[in-house]
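*Asks:* So the chains spell out like this:
Protein chains: 2
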Amino acid sequence: MVKPKQPFPVSDVRRYLEPGPIVLVSSRWQDKSNIMTMGWHTVLEFTPSLVGCMITSGNHSFNMIRKSGQCVINLPTTALTDTVVGIGNCSGAEVDKFAEFGLTAEEASAVDAPLIRECHASFECRLHDDALVERYNFFIFEVVHAHVAASPKHPETLHYLGDGQFMTAGPIISRKSKFLPDRL
Amino acid sequence: MVKPKQPFPVSDVRRYLEPGPIVLVSSRWQDKSNIMTMGWHTVLEFTPSLVGCMITSGNHSFNMIRKSGQCVINLPTTALTDTVVGIGNCSGAEVDKFAEFGLTAEEASAVDAPLIRECHASFECRLHDDALVERYNFFIFEVVHAHVAASPKHPETLHYLGDGQFMTAGPIISRKSKFLPDRL
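Here the protein sequences line up with chains A and B, keeping their order. Be aware that the first sequence starts at 9, since it is given in this note's numbering, and climbs by one per residue. Be aware that the second sequence starts at 9, since it is given in this note's numbering, and climbs by one per residue.
None of these hints come from the bench; they were simulated from the model. Treat the numbers as computed from the prediction; the structure is a model and nothing was measured. Be aware that one or more of the hints could be misleading.
Note: identical chains are not told apart, hence a pair may lie in one copy or across any two.
Each computed EDC-like pair below joins lysine to aspartate or glutamate, with the alpha-carbon atoms no more than 20 Å apart [to be verified]:
#1 Lys13 x Glu114
#2 Lys186 x Asp104
#3 Lys161 x Asp171
#4 Lys161 x Glu114
#5 Lys11 x Asp138
#6 Lys11 x Asp120
#7 Lys13 x Glu102
#8 Lys184 x Asp171
#9 Lys161 x Asp138
#10 Lys75 x Asp39
#11 Lys184 x Asp104
#12 Lys186 x Glu102
#13 Lys75 x Glu108
#14 Lys186 x Asp90
#15 Lys184 x Asp90
#16 Lys184 x Glu102
#17 Lys186 x Asp171
#18 Lys11 x Glu142
#19 Lys161 x Glu26
#20 Lys161 x Asp90
#21 Lys75 x Glu150
Using the sequences and the hints, build the whole thing.
*Replies:* Given below as structure tokens:
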């Protein structure tokens, strides 16, 4: 279904994360894996490649990621809409989400957390700064390795609006000719 | 062009910010106003209504917002695409952006920074926590007042991909029936 992924420059992950998609965060702790949905995240820096993520402490994944200091941010497309909704509406305390949703765990290159094969892209992350975890459940991760499917060039991502609704990715427009070279 | 805005619950601003749009951040300091584009932001909490924003220190707006501790996050649509690109490719040190781009500054209700009338929504923000400003230029704001146009219900927002390209908002889909009530 999803084409094989290729290595992708970690300094360019904004290409996939800045538009604000819902992502699937996979983690592993003491031989158990889990997946959660996440909509509250932002790019913070190109190099090192930093991403800030709000992970509610009520999530089963919270302690797994807090303890392992690692995770993978995976980018699903509309082909996985019902899977995304399903993952967000059950708990890893009760369900093996890879098995339940028929997803394929693949070994990461640099972190001890599984990639999700069916996603368009996977970004391997290591905890970079936990200064705001206590106060805001806000983790700052460094993307240490990135994998992206070669096609399609513009994956049809999901963008959560709340209330069970998603905006899906629409047409791409370019204004490159109107940008200063250092503002792209 | 843009319909009059109405008050909107600050705890619901995720409806507009979680999908990850490019926003226009307006500020005022010592009687001068400015506008910057911003793509690196995330919702952090419903109540208080918190939003985290990465504002590069090289921006003219950085010091204005650092000193005033206030700003307005405005939501443009594709009707303003060229305005958004123009604003992101000049500096408030040299240009009065409201005048240059024919935008209308309106007084905010609760902060000393201008709203942009031509945008679909405007969120008045006060600095809530500057713990990560030194290290990451990351500001945590509280949205203290929100204004949203009554229509359209689904504004055609811009989502920056880098390299001068934008993804525009596409079709809306609902899976509300598949959500648990406390997961919406």
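*Asks:* Each hint: holds or not?
*Replies:* For each hint, the structure was consulted:
1. Lys13 x Glu114: within (12 Å within a copy, 48 Å between copies)
2. Lys186 x Asp104: between (49 Å within a copy, 19 Å between copies)
3. Lys161 x Asp171: Only across copies: Lys161 and Asp171 sit 14 Å apart there, 29 Å inside one copy, limit 20 Å.
4. Lys161 x Glu114: neither (22 Å within a copy, 40 Å between copies)
5. Lys11 x Asp138: neither (35 Å within a copy, 43 Å between copies)
6. Lys11 x Asp120: Cα proximity of Lys11 and Asp120: none, with 23 Å in one copy and 51 Å across.
7. Lys13 x Glu102: So Lys13 and Glu102 fail the 20 Å test inside a copy (31 Å) and across (45 Å) alike.
8. Lys184 x Asp171: Classified as between; 6 Å across copies, 35 Å inside a copy.
9. Lys161 x Asp138: Neither, since 34 Å and 38 Å both go past 20 Å.
10. Lys75 x Asp39: within (13 Å within a copy, 49 Å between copies)
11. Lys184 x Asp104: Neither. Shortest intra-copy (45 Å) and inter-copy (23 Å) distances fail the 20 Å Cα cut-off.
12. Lys186 x Glu102: between (52 Å within a copy, 18 Å between copies)
13. Lys75 x Glu108: neither (24 Å within a copy, 51 Å between copies)
14. Lys186 x Asp90: Between copies, since 9 Å is at most 20 Å while 39 Å is not.
15. Lys184 x Asp90: Cα proximity of Lys184 and Asp90: across copies only (11 Å, versus 35 Å in one copy).
16. Lys184 x Glu102: neither (48 Å within a copy, 22 Å between copies)
17. Lys186 x Asp171: between (37 Å within a copy, 11 Å between copies)
18. Lys11 x Glu142: neither (39 Å within a copy, 41 Å between copies)
19. Lys161 x Glu26: within (16 Å within a copy, 23 Å between copies)
20. Lys161 x Asp90: neither (22 Å within a copy, 24 Å between copies)
21. Lys75 x Glu150: within (16 Å within a copy, 30 Å between copies)
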